[in-house]
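Line by line, the protein sequences give chains A and B. For reference, each letter of the first sequence is one residue, going 67 to 260 in the numbering used here. For reference, each letter of the second sequence is one residue, going 85 to 571 in the numbering used here.
Simulated from the structure, these hints should not be mistaken for laboratory data. Among the hints, erroneous ones may be present.
To be verified - In the DSS-like style, the derived pairs of lysine-lysine whose C-alpha atoms are separated by at most 25 Å in a straight line are:
id, chain 1, residue 1, chain 2, residue 2
1, B, K257, B, K247
2, A, K83, B, K298
3, A, K83, B, K132
4, B, K247, B, K298
5, B, K257, A, K83
6, A, K207, B, K88
7, A, K251, B, K88
8, B, K286, B, K334
9, B, K91, A, K244
10, B, K91, A, K251
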Amino acid sequence: MIGDEELIRLLRDEPEKGLAYMMDNYLGFVYTIVSGKLAAVTGREDIEECTSDVFYAVFQSRDSIDIAKGSIKAFLAVMAKRKAIDKFRRLTGQANEPLRTAVSLEQEEIGQGPGQHTAANQVEAAVTARETGQELVRQIKALGPPDSEIFIRKYYFGQSTRAIAQALAIKENTIDKKISRGLDKLKLALGGVW
Amino acid sequence: MEEKMMKFMDQLEHDATDELLELIEPEAMAQGMSEGLDQSAIRRIKDKTFMKAGLQPPASPKLRRGPSKLLSQKMPLLAAGVLLFLALSLMNFDVVIAAVNRFFSFIPGYGIVENQAGANEGDAILYVADSLPSVENQEARLSLQNAIAGKDNITVLFEVEWKNLTEEDLLAKKQAEWERLQKEDRLQQPEVSLYAGEQQYKDFMGSTGGGSRKESSTFTYQVAATDIGKDIVYRLEHGGLGLSLEFTLKDVATFERLTDIGATDVHHDIAITAVPEFAGNQVTVELYPLNKSNYQIQSFSKEWDRGYGGQDLSLLTSTGPKSYTLPESFMGPNTKFTFALGPEDRDLVLDIPFILVQSSEYKDIKLPVPAEGERLTVNRKVEFADCTMTIVDVEVENEAFGGERALVMNLRYDNKAPDKIMSGTGFMRLSSMGRPAGGGYSMEPDENGIITKVAFALEKGDGRSLRLRVMNPAYYFTAPYRLHLGR
Chain A
67 MIGDEELIRL LRDEPEKGLA YMMDNYLGFV YTIVSGKLAA VTGREDIEEC
117 TSDVFYAVFQ SRDSIDIAKG SIKAFLAVMA KRKAIDKFRR LTGQANEPLR
167 TAVSLEQEEI GQGPGQHTAA NQVEAAVTAR ETGQELVRQI KALGPPDSEI
217 FIRKYYFGQS TRAIAQALAI KENTIDKKIS RGLDKLKLAL GGVW
Chain B
85 MEEKMMKFMD QLEHDATDEL LELIEPEAMA QGMSEGLDQS AIRRIKDKTF
135 MKAGLQPPAS PKLRRGPSKL LSQKMPLLAA GVLLFLALSL MNFDVVIAAV
185 NRFFSFIPGY GIVENQAGAN EGDAILYVAD SLPSVENQEA RLSLQNAIAG
235 KDNITVLFEV EWKNLTEEDL LAKKQAEWER LQKEDRLQQP EVSLYAGEQQ
285 YKDFMGSTGG GSRKESSTFT YQVAATDIGK DIVYRLEHGG LGLSLEFTLK
335 DVATFERLTD IGATDVHHDI AITAVPEFAG NQVTVELYPL NKSNYQIQSF
385 SKEWDRGYGG QDLSLLTSTG PKSYTLPESF MGPNTKFTFA LGPEDRDLVL
435 DIPFILVQSS EYKDIKLPVP AEGERLTVNR KVEFADCTMT IVDVEVENEA
485 FGGERALVMN LRYDNKAPDK IMSGTGFMRL SSMGRPAGGG YSMEPDENGI
535 ITKVAFALEK GDGRSLRLRV MNPAYYFTAP YRLHLGR
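With the rest of the complex left out, here is chain B:
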C-alpha cells in the first residue's frame, strides 16, 4: 500500500498538488527539508539554470545609499590612477590595467595594489587599518577585515557573522529583502556609520555579498580630508546589530617586488603571489593574482564540473601532497585554501597545476539544422586568439537537452600554444537582426574536462539554420605555478 500511495502522489495533477500542499504552512515546509542544500549547492544550481536559459546569473546583492551618482563621481578608489585587483574584480568593479612604473601596496585580505607613478595625489592609498578588531553580542559578530584610506575617503571592509540564524530565519530574511525590493526598488539599507572622532559619516556606497550566515561588505565613505590621519580614532557603528568597533590607521606597506610580499610565480602575464598564515596544525594560503593578460581568472583549482586531466591544487610537503579545504563561503574564484599539517611536514610548496581563465572574445556564426536522424559534417572553424575551434558536425536529437529537441554539435580544438588548452566556449542564440537572444545548452566534457559535445536547445520556430554567438572561450593555462612557502 505504501508503494501505491507514493505512486499516486507522484501522479497528482496541478490542482490536486495545490490542494495537498496547502496543508503544510510555508514556514513548516522549511523545517527539516533541503538537507544537503548548502550555499555552494544553491550557487551551482542557480548558475547551471541561468546558463541553460542563456541568462546572466544574478550578482551579489548591491546596497546603495545616499546620493550615489554624485558619490560615484567622487570614488577615487575606483579611478584609473589606482589599480585595484582581486577583491574589487570579484565584486564586478572594472579592473583597470595600465603600464606603470611599479611599486606594490599589499593590503592583507584585500589585494595587491599597483600604484601608478604620477597618479593624482587624490587617487593614492595613504593608510590601512592598524589592527583588525572584532566585537560580538548574542546575535552576531562584527569583524573588521581592513580599512583603506585615500586623501578624502575611507573604504571599510567588514564581515558580519550571524551566530544563531536558523534556516527558517534565513528564508524569512530573504523574503523580507525581496518584498522591500519589490516595494521600494532597493534592498534593506544597513545603518552602518563611520565616525572619525565625533564626526559621523552616514552615506556610503558599496556592496555586500555572502548571504548565508556570513556576509562580507565593502563600504566607501566620503570623508573630509581633515578627518583622515593616523592620529584619529575611527569607529564603525552597525546600528542594525547594536555593535561598534574602533580602529586606527597606519601607513600602507609598499614593496618593490611581488616576491617581497610572498612566493610568486608568473606565466602568461598572470602573477600569483601566495601568502601563508600558519595557525596550530594548519596553514591557510591566500592567493593574490596580478593579472596583466587579456583573460579573467575563473578558478585556481578543480571545480566539480571543471578541471584539467583530473589534476587539482595541492600542497606538496616532505611527507607527500596534501589536499585542501575551502572557506565556508566566498564570492567569485576562491583564493583561500587551508591544509592540515603534521609535525613532520616540511618544504611546503603550493602546487597549482592549472588555472582556468576566460576571455571576452566572441564570433557570430550560422549553422545548418539538418533533418532529424541526419548527421551533417560542417567543419565550421571559429577562430580565437589562442585556439581554433571546429564544429565538426551537427545533428538534431529529440531528447538531447533535458528531454528536449536540440542541435548537437561535436567539437574539436586546435590550440596555438601547448599550455593554453581550450576547455570550451559559451553559446547564445542570435535573432534574425543579429542580436543576442538567450538560449539554453548543455555541455559534455571528456575525461580531461574539455567540452567535446554541446546540445543547443531548438525552439519551435527554428528553421533549417541557426545563428549563434560563440563567446567567452575558456582555457586551462597549464603552466604550473609552484610557490615555495618555506617551513
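The shape of chain A in the complex, shown without the other chains:
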C-alpha cells in the first residue's frame, strides 16, 4: 500500500495511475458511505453516479489536498458525506433548505429557527459542532472494541443491525443492546449537547 504523499504525487503526475489506484483501494469504502445515505431514497444508478462524483471531486482537488489536515481516506469520506447529503436533499425536495447542522437542530428545538441565525451565531455553531464532533470521536473511542466499531458502522456508514451482526459475527439483539448502552454512556459523557 503506497502512502498518501505518493498517491498525491501519482494523482498529479500520473493521473491515470493515481485515479486507478485511488479507486481500486477506496471504491468500496466510498460506495458504502454513499449507499448508507441514499439507498433508502433512490436506486443503484444515483448511488453509482454519486460515488463517481466523489472520486472526480477529490481528483479535481488533487492540487489543493493538504494531507497535514487529514488522510486521503478522510478526504474521500468527507466528500462522500457531502455529496451524498447534497444528492439526498435534491432527491427529497430539500435542495433549497439551508444546511441544518446538529447544533442548529438543537437551537430549533429550543425555539430558535434557522432563519433567526445571525452570522456570529453561525460561526459559533460551526465551532461548537467541530468541538462536539471531536469530543464525540473521543467518547466513541472510549467505548472500546467491539462497541466502538459497532457505533461507527451504525452511525457513520449507516449499516443495518443485521449487516453489522453478520460482519462481526455477533447476534442482532446483542448489537442492539450494545448500541443502547453505548448511547446512554455517550449521553452521560457529552452532557448538555444531547
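Using the hints provided, position chain B relative to the given structure of chain A.
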C-alpha cells in the same frame, strides 16, 4: 439522539474522520460492506469517473514474461496475414482488416478468422484444440477455452475460477498485486507452462482479464515447429494452482460462407453471426462479428445509460419475446446472451434492433464562453462522416457539473442516413498549443438515448473562449439484425 448522532457524524472534519476510522481495521472495513457493488458496478463507476476526468479508463491488467520485445516480433498470430476478430480486439490488440479472398476459420469461444489467400505459411492457423478439458481442486477450477496453433506457436485460452474466494481475499489479492507493481513495475507472473510431450515451454506473452472470481487468459508460447502436430499430447500446467490439463490438436474447421457457421445478417459492412448452444431449458447465443466498417462495435444490446428508443436485444419465439441474462463477467462488449426456454418455444429468432458503434474521427473547435446568465446562440457545426452535429447554443452554469461551473452546450444532429443515428461524441479540452489536455463533462440523453446536452467543466483559468476536441462520434446503427436460430 440517534438522529443527532448521525448529524454529527455527517459533519466530522478530516482530522476527526481520521481519528474515527482508525478504530476500524482496514480488513474489518471490507466485511459486510460494499453490498450491491459487483464487478459490473465497479466497472461502470470507474468508467464514468475516468470519463469525467478526461482520462482513458484502465485496461485489463496485462501480464508479460520473458524477452517480450523479441517475442513480440515473432508473434505470427498478430501479424497482418491472419485477421483476428472479436476476441483480440476486446483485448486491445490491433484489428487488421484487409481485402481478401475469403474463407473463414471458426474457433468457438474465440472468433471467426478470415484467412488471407497467399498469406505466409507461418501466419496461418493450422490446428485448434480437439477437446476442452477442465480440472479442479479445492481452491480453483482450470478450464481450457481453446488452443490455436500456428507453424511455430501455440496460443492457449483458459479460464481460472476461484472457488472459495471471499471479498476480503479479493481485496488482499488486489493489494498484493499493486504492491508488487510498485516494487517491481510488473504484475505477478503466473507460473503457467506449456508442455509439448516432455518439452517444457515457460516463456509466454499474453493478457489476463476479469479480475473477480473468474479470470480469462490468453497466452502465446513460441514452440519449435517440430513440437506442433496432431499426434502430440500437450499439457498446460498452472504452478500457482497446482493444476494441469492435457489436450491434443485437430485441424481447424474452415467455411466458405459465414452462414455455414451460423445464422448471419449484414448491415453497413458489419456481419454478425450467431451460434446457439442449447442446454436443458435454456439457450446461450454467442455473437461473432466480422467488421469491415470504419466503426468499432461498442455494444449489441441496451446498456443502462445507453440504448435507442427503449429497445433491446431479445429472442423472438412462438410464445413471445424473451429477455436475456448476461454472463457473470466479460470484457469489452458482451457477446453472450442466455435465454430461458419453455417446451412450447419454437421458431427462435435473435432480434438485435440496434448496435452501438463508435469511430475514431475528431474535430477541433473553439467556443465562446459567455458571461454568467447569458445564453449565446452559436450554431457551430461539427462535420463527421455520417452526421453533422450542431452546437446550438452555450451557457455558463455554476452548478451544472456535479456542483461545479461548466459550459453547457445544447446539441442537434443532422444524420446523413436514416439508420445511422448519432448518439453523441466525446469531448476533450485543448491547450493553447492545441494539445489534448483532459477535462471532464457530463451528458444528458433524451428518451431515445441521444445526448442533447453536455456540461463541460470550466477551470479557474478559463477565459472567454474554450478550445475543445470533439471526438469519437458514436452511433446507433438501427438496421435490425434478425438471426434465425431454428428449433
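**Asked** Broken hints, numbered, in rising order?
**Response** none
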